[in-house]
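2 protein chains.
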Amino acid sequence: MTDDSNHGFAEQDLQPVTPEETDEDGEQYHHFFQKTEGHLVATPEASAGANGVQRGLMRLKAAFIGTPLFSKDEIHERLTKVKALAVFGSDAISSCAYATEASLVVLMVAGNGALHISLFTALAVAVLMSMVAFSYRQTVYAYPHGGGSYNVSRQNLGQMAGLVAAAALLLDYVMTVAVSIAAGSFAVTSALNAAGVNITAITASLPPFLNFNVILSLIFIGLITLGNLRGIRESGSIFAIPTYVFIFSFAAMIIVGMIKVFTHSLVPATPPPILQMAQPVTLWLVLRSFSAGAVAMSGTEAISNGVPVFKPNESKNAAATLTVMASLLAIFFVGVSFLSNHMGLVPGDQSIVSQVALAVFGQNAIYYIFQIATMAILVVAANTAFADFPRLSSILARDNYMPHVFGNRGDRLAFSSGILFLGAVSGLLLIAFRGNVDSLIHLYAVGVFLAFSMSDTGMVVHWWKTRGKGWKTSILINGADAILTTSILIIVVITKFAFGAWIIVVLIPMIVPVFLAINRHYARVAEQLRIMPLQMMPQKIEHFVLMPIDDVNYASLRAMSFARTICKDITVLHIATDPVRAEKIKQKMQTYAPDMKLVIMESPLRAFMRPLLTYVEVLHEQHPGGFLTIVVPEFITAHWWERFLHNRTAEHLTQAFKRHPNIAVVNVPYLLKR
Amino acid sequence: MTDDSNHGFAEQDLQPVTPEETDEDGEQYHHFFQKTEGHLVATPEASAGANGVQRGLMRLKAAFIGTPLFSKDEIHERLTKVKALAVFGSDAISSCAYATEASLVVLMVAGNGALHISLFTALAVAVLMSMVAFSYRQTVYAYPHGGGSYNVSRQNLGQMAGLVAAAALLLDYVMTVAVSIAAGSFAVTSALNAAGVNITAITASLPPFLNFNVILSLIFIGLITLGNLRGIRESGSIFAIPTYVFIFSFAAMIIVGMIKVFTHSLVPATPPPILQMAQPVTLWLVLRSFSAGAVAMSGTEAISNGVPVFKPNESKNAAATLTVMASLLAIFFVGVSFLSNHMGLVPGDQSIVSQVALAVFGQNAIYYIFQIATMAILVVAANTAFADFPRLSSILARDNYMPHVFGNRGDRLAFSSGILFLGAVSGLLLIAFRGNVDSLIHLYAVGVFLAFSMSDTGMVVHWWKTRGKGWKTSILINGADAILTTSILIIVVITKFAFGAWIIVVLIPMIVPVFLAINRHYARVAEQLRIMPLQMMPQKIEHFVLMPIDDVNYASLRAMSFARTICKDITVLHIATDPVRAEKIKQKMQTYAPDMKLVIMESPLRAFMRPLLTYVEVLHEQHPGGFLTIVVPEFITAHWWERFLHNRTAEHLTQAFKRHPNIAVVNVPYLLKR
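So the sequence lines, in the order shown, correspond to chains W and S. My numbering applies: residue 279 is where the first sequence begins, and numbers increase by one. My numbering applies: residue 279 is where the second sequence begins, and numbers increase by one.
Hints listed in this document are in silico derivations from the structure and should not be mistaken for laboratory results. Note that this is a predicted model, so its numbers are computed, not measured. Do not take every clue at face value.
Which copy is meant is left open, so a pair is good if it fits within one copy or across any two.
What the hints assert, rightly or not - Below 27 angstroms or equal to it, Euclidean Cα-Cα: the simulated BS3-like pairs (lysine-lysine) are:
| no. | residue 1 | residue 2 |
| --- | --- | --- |
| 1 | K864 | K313 |
| 2 | K875 | K313 |
| 3 | K846 | K936 |
| 4 | K747 | K594 |
| 5 | K862 | K350 |
| 6 | K313 | K862 |
| 7 | K846 | K875 |
Same shape as in the complex, but just chain W (with noise of 0.2 angstroms):
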């Protein structure tokens, strides 16, 4: 110890870490520490760690992640009609993949003769998505700021009504990943088919709960999680190219079908199989066939909740686009649905639309390339999902209905704890759905349609309420598709209630419940954190020192030393069981602390904790308002199984009085060097 380091802290004072006064030492922490007007300013080298140990950890995370943004780096980007038709459309155009595959797949027990009926589906779902566009595009007027069904169902039907379409919409981003991750997978899967891959066999030499198709999910996830743990922010740029080269091609794909079929010269390029009629066409089935293929109608919210970030007029941009996407999709949907339907194609190990681009392109480069941009635009659609997820997490949590951790932006200045969330949430789902897009779906439809309902009726009353120009066409066309989107909401429900949308349906009542739980959490503790009148404030607290000491050595001298300093009334307690020690003891701390209070006290059953709770406990109870410090020596070992060979006072005592309002126990720690 130098003679330096010896002198009181009060004299010396903290100088070179307090901007108030600067000091010549201090200069060499300026690389830690900058100074500015009253205050300081943590360098990137400060937040790199105090430690070789923590900064060679984020120097590993910034590996994978990218080094940390400053708060003032973030982009405000604004994004054309172009961009944001990428951004914000990838979701609903690439329901098109797997709409017609999931309405043919319930169709399928009917056998070949009812597949057609999948392209009634697909019409009645064009006509539906017009008229929900129609009437979003009343929310984007109304909602410059964003519109989306949580904003507008909260403000306009209240706090349960805000909460139970939250709750729809966290639910259905994460089946967006899962669906949308499946089948980009099954886009893969079908293109390595046709390629002449046997998948079945990959699957065989997997563990039972791993298929190829989950690997490649998980694969996915994993780096669409990273990728927005990066901080990938909504810049169109990167999505706008597997955007428009899905929608050339899948035009392209639909155009020249149709020729073909004018020239007679589509044929599947595998005879579809024959189908086993298991039971009749019934309006239950056809019910089913409708609800599996109103997943498509995923992803039109995505427009309303982003309003903000379209250049200027926004909403007359926003409602553009969202007339584009929607007709888009009716589009394609439509005529992919015809496609098939036309050369009566059954689901299989290829997916429909990938049957659908090998008849149509046949097997060359062109199909290749339309089924690795199926799969980007799949992937891009999930990532709608991993922006909007923790943008609404945030939002929750910024009004106390989430945990406040998923309003805290990362190093990326991504809302880092909702992407992982999801990544983690949605990947589980995959494997416990083995991957399968069929399974998957089932259980998606329900929070879209909920969202929809909600929204609606929370624009029937908005304009009710504010009663502008034009308000009874508004509330006509809200209201029209408020009672449209129930009763599809009703249908969904009941039709894919038995094959796993219960799930969604049980999960809703008990999310929200949990969302005002932490609501009541956090009221309840600003309620108890709220300053007193200053007469009511502990200005000072009685506090007494309580050593438990099992031998008076360095160790626990040193801790003595510590306890002088921080109170004059200590109490150096020895919990005697061999009375020859008990003596020494005595004699020792005569020697050495003479001006400490010592008591003896005698344990005849060999017990040493409970004694000493049980005087703690006497101690407090007959102070009650006072603050009981207990000061322990703590050996701190130099290996870890050194530890086995001590009690571990300190760790038990520390347990024993953490729930206990006045009690503090410090550790004095005593590194043992070798």
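Since the structure of chain W is provided, determine the placement of chain S on it from the hints.
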């Protein structure tokens, strides 16, 4: 808060619990602490725990192992020769219940004709036994205060030899438990088998790692462990009954058996099976058979350990008991081997001793009593190890070779850690070897003979050093026995190595370094805890307090009040990610705690922990001799799940600075009531 509780501790002092002063208030606590001259005595109530949960757990514990005993109530019973034979002899005498069988199992591969070799094994062991007993009589006289191998080896041959002997003995005690219990269970299953119970069918219905014998064995071990935790100490009375019932019934069996031999009426209950002669009789096979039978020698050590508990004249009585024990074992082992040979019995579903007893007594009550007595003495033998293992462990703990916890007496004055450890390890061993005596026995005997060999060699050195009366004769006896036992040790290791003895051969050199490492650790700790000359002692440590706060609220103001009581030099640090919030905190601090030094540190990368840790590191580097106390208000939530709704700064800080010698983290608990 009543008025009474508000006055300071400095004035009121902690009278009720300090013995110097009395106070009427304190009287209500007299049931917890009694005052005697100069110190307090914790009553059983205080040792029962401070709260209802603890007291409930203690009551539950007491229901199993009995209410705690006072240290002064330790019984120091002196044993008569009759009781001592039961206490110390059961281990050795009980070996005749399985030794013949062990020898026969090895010989079976050479066909029925080879089985008679086991008789020669028995005779050789009998001769050996008398040699060892003769040699040990010397030890008993030379070490009247207990002449265990550990003690004799350590004193005469040095630390390493002592530790090798200790490791060998500890392993041997584990094997004694495993083998005796497995053989005891086999006595039960043999009787059940004789009574016609289908044991194989019961075993078939159990999970693969269990069988009927293992379950029975685990029940026995559980009961013995519990019994020993209750503190059935070596009060011979309890053990005398099964031991003497066994001795008399075994003697009766041999006498009646011999009479039947002479009257040519001794025939096996079922004719022994014809064995395939798979290999010829070789010297190797004979030596293996001998090694297997040599396990009968285990337990001879026990009396030499226990000399001090004999009635005076201790050594003479111990020596006499030793002679009786060795004679009984030799006669029984040779006798049962002769009878078995006479009938040409073959090991099988029933133990050899059971087969002999059936032939001698017939299937009647006497047979069943005999089997129960066999089972009982084997359990008593295991119980001997449950006394020996914890006793040796406690000696090793006292000598700093094992964790000190092995030296602590439990509620019932037993060395609880050693008992629990032995119970657990022998139970696992029984499961691993599927409760099979013949497999376990291969691991046995190595430890026994290693301990014999060390002890005898130690005695040779002892006589050489002391050169008392008749030292030359003594050195001759011990020397001859040392050569003999060492030779047998070599035979045992070689012949059993491949069958399991390698485990013991590997374990001993692994255990000894652990003993040494523990010893070094305790020595290093003692060195580091030595009190330095008075002028070097830190009489007053420079002390300052850092309080990181997130907000100024009731909890942080309360923690500040606490901080004021322990130190004058307090820095309140706010790490700011939001300048508006930081400004508010500045204003609040001026209103509510204008006396405190506030440092605002902006963290533009939004990191909190890392800049804080860096700040602390910088403080500490600037003031290496000072002691920093970090005071953190810690929310203690009313429900466990609510913990996840808060940053756990307090926990993180505690962890981060756990190994820092000059930093203590005080969590000032703030109990959220709802």
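The hints, checked one at a time:
1. Taking the closest pair of Cα atoms, K864 and K313 come within 27 angstroms of each other only across two copies (17 angstroms); inside a single copy the shortest separation is 53 angstroms, beyond that limit.
2. In this homomeric assembly, K875 and K313 come within 27 angstroms of each other (Cα to Cα) only across copies, at 16 angstroms, whereas the closest approach inside a single copy is 47 angstroms.
3. Taking CA atoms no more than 27 angstroms apart as the test, K846 paired with K936 passes in both settings, with 24 angstroms inside one copy and 26 angstroms between copies.
4. For the identical chains of this complex, K747 and K594 are intra-copy neighbours only, at 17 angstroms inside a copy versus 118 angstroms across copies, given an alpha-carbon limit of 27 angstroms.
5. For a Cα distance limit of 27 angstroms, the shortest separation of K862 from K350 across copies, 20 angstroms, qualifies, whereas the shortest one inside one copy, 65 angstroms, does not.
6. For the homomeric pair K313 and K862, the shortest alpha-carbon distance between copies (20 angstroms) is at most 27 angstroms, but the shortest distance inside one copy (55 angstroms) is not.
7. Taking identical chains as interchangeable, the C-alpha atoms of K846 and K875 lie at most 27 angstroms apart whether they share a chain (11 angstroms) or sit on different chains (24 angstroms).
When the structure is compared with the earlier hints, no violation turns up for any of them.
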